[in-house]
Amino acid sequence: MAEMIELRKVNKYYGQGDAKTQVLFDVELSFSPGTFNSIIGASGSGKTTLLNMIGTLDTPSSGEVLIDGRSTSSMSRNQLAELRGEVLGFVFQFHYLLSEFTALENVLMPYQIRGSGNEKEAKERALELLDLVGISKVKDNLATKMSGGQQQRTAIARALMNKPKILLADEPTGNLDSETTLNIYKLFREINSKTGTTFVVITHDRRVAEQADRIVEITDGRIGLDLKK
Amino acid sequence: MSLPLRIAGRFLSSNKGQTTLIVLGIAIGVAVQVFVGILISSLQSTLIDSTVGGSPHVTVLSATDNATITDWQGIVAVAEGRSDITAVSPAADASVFVIRANRTVPGLLRGFDLDKADGIFHFKKAIYDGRLPASDDEVMIGKDLLEELGLGGGEVLQLFTSSGARSNVTIVGFYDLKVASLNKAWVITTLGTAQKVAGYGGNVTSIVTQVKEIFKADGVAKALDRAISRSDVKVTDWKTENAQLLSGLQGQSVSSYMIQVFVLASVIIAIASVLAIKVLQKSKEIGILKAMGMKDGKAGMVFLYQGLMLGAAGAVTGTLLGVFLLTGFMFGTKNADGSSLININLDWVFISASCLVAIISSALAAALPARATTRLNPIEVIRNG
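Chains A and C, in that order, are what the protein sequence lines are.
Going by this note's numbering, the first sequence opens with residue 3, and the numbers climb by one from there.
Going by this note's numbering, the second sequence opens with residue 1032, and the numbers climb by one from there.
It should be emphasised that the hints constitute simulated quantities derived from the structure, not laboratory data.
Where hints are given, some of them may not hold.
What the hints assert, rightly or not - Under the rule of at most 30 Å between Cα atoms (straight-line distance), these lysine-lysine pairs were calculated in the DSSO-like manner: (1) 1315(C) / 147(A); (2) 139(A) / 1215(C); (3) 231(A) / 196(A).
Since we're looking at a predicted model, the values are computed, not measured.
With the rest of the complex left out, here is chain A:
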C-alpha cells in the first residue's frame, strides 16, 4: 500500500555561516495510512521540526516530503495552504482558537477556509464532532469562556472538520492534567479506528507513546529507535 507520509533524505539547517546548525540528518521515514504513530525524543532533538516538515509548515533544506503521494517540494505557498486544508489537520500544544468566535464557529473554520461543500452538512458534522469530543454543552461559548481541556477538545474537533487523512499533534496535552490527557488520547484512538485517519503525535509522556501502533524516537536529529507493534 502507498505510504501516507514519506520523508526522503530530509536535512534541515537553521542559521547561516558560523551559526549554522543542522537539526535533521538524512531522515528517511514513512507512515502508512490509518496508523497511529507517536514521536518521542528529548527537548531540541528535532521532533517538532520533523512534524512541521510533515505538516508542510516548514520546508526541508534538502530532501523531499511526500504527502498522500504528492511531492511538496515544488509547491507554491498557496498550493501548500490548499494541501493543508484538504489533507492535514493540526493540534498544537496551544489551542490557537479564535477568541472572538464560539466553539462551534471555530470548528467550522476549516470548512469555511476551504470554501466549498454543503453548509447544512458542514454544521451537522461540526455538531457531531463537538459531541464526539464531549463538549456539545459549551458549543455556543466563546473560546475564552471555556476551560483549558474544553479549548483543546475544540481544537481537536476543528482539526477533524475537513475529514483530514492525516492528523498531526504536537504535545496536544502538554498543558492539561493527567486525567484529561488520558481522555484525549482515548479519543484520538477512537477517531483513528472510526475514521482511519493517520495520526502522528509528538509526546513527552512514554505511557501515552506506548499506546501507539508505532513509536519513533528522534535523537539529535536522527531516528534513534523505530518500534512497531
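Using the hints, position chain C against chain A.
Here is chain C on its own, set in the frame of chain A:
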C-alpha cells in the same frame, strides 16, 4: 459573507472600546476636514461675491486710451453667444461734474443697457427709492451723492463734461451699492443718454460681462479675445486687475489644503498604527488560519476589510459631525440684520469627496498591515508558541 469579512467584523466588534476610539479619531479628522474645507470655500465665495460679485469679470476696452469702440454690437453678440459668459452689457462712461445750484461734485456718468447690466451690477436690488432710468435724460444716483448734494427725487441736475458740453438730467431713483466711493461717484443712466451727454455718437467705451466660473475669468478673457479677433480692442479680466486679492485667496486655499492634508495624514497614520498592533496581537490566530489552509491573500484581506470598515464608519460619522458643526456655525454667527455672517454653501460634491478620500485612505493605511499578514509564515508563530 466571505470569511475574511466575517473575521474582520468579529475582530472589530469583539474589541468595542478600541474600535469606538479609532472610529471617533477618524470621525473627528473627517469632521475637521469637512468643516475647514467648506468654511474656507464659503468664506472665499462670500468674499468674492462682496468684492467682485457686483462688478464685471471680463471687460472689453478700446486698445487705445480714451478712445471709444465702434461696431460694438458684433462684440456683444459674440460674448452673448458664449456659454461661459452669463451677462453682457455695453457701457458708455464719461467723467462729469455734477452741478446743482452753486455746488459742483466730480462724478462718473455710466450708461448701460440697464436690463442686461442688472445681471452684473444688480441695480434693481440696490435701488431703495424710485426706479431704474427708462427714457432719455433720466438718471439715478447713489446714497452718498444724495447726502452730499441734498437732493430729492424728480429734481433736475446739470452734468458738465470735460469737453465742455452741458446737459440737464432728471433723477428718477436712488441706489445703494454698499460701496461709498461708487455711491458717491456713479451717475447711472441708459446707454443712449450717456452716449448723447458724452458725445460718443453710437459708440461705447467698454463691453462689460460676468462669467459663469469666476476663477476661470482669465481663460474666458483670452478665448473671447480670440473670438472677437479685433486689433482695436483689448480684453481684461478681474484676476489680472486684482492680483493682490487673488494671491490672498490663493494663500487661504493653500492653508486650507494644508490643514486637510495634515488631518488626512494623521487619520492614515492612526489607522495604520492601530492595525499594525492588531496584526501583532492576532499573529497567532492568523498563523493557525494559514496552517489550516487559508491562503496569503485572504489572510491579508482580513486587515484590509478592517481598514475599510473603520474608514467607512469614521467617514460617515465625521461627515455628519462636520455638517452638524457647519449648520451650527451658520445659525450661531449672524450679522446684526439677521443675515448669515458667512453664506455657508454645503458643497455635497466636496463632502462626498472628503468622505470617499477618508475611506480610500483608510484602506490604503490598512494595506501595510495587510501586507505584513500576507507575508506572515505560520511556522514562525507556531515555533515561537
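Here's how the hints hold up against the structure:
1. 1315(C) / 147(A): Roughly 19 Å separates the two Cα atoms, so the pair holds.
2. 139(A) / 1215(C): Since the Cα atoms of residue 139(A) and residue 1215(C) sit roughly 92 Å apart, the hinted pair is violated (cutoff 30 Å).
3. 231(A) / 196(A): 20 Å, holds
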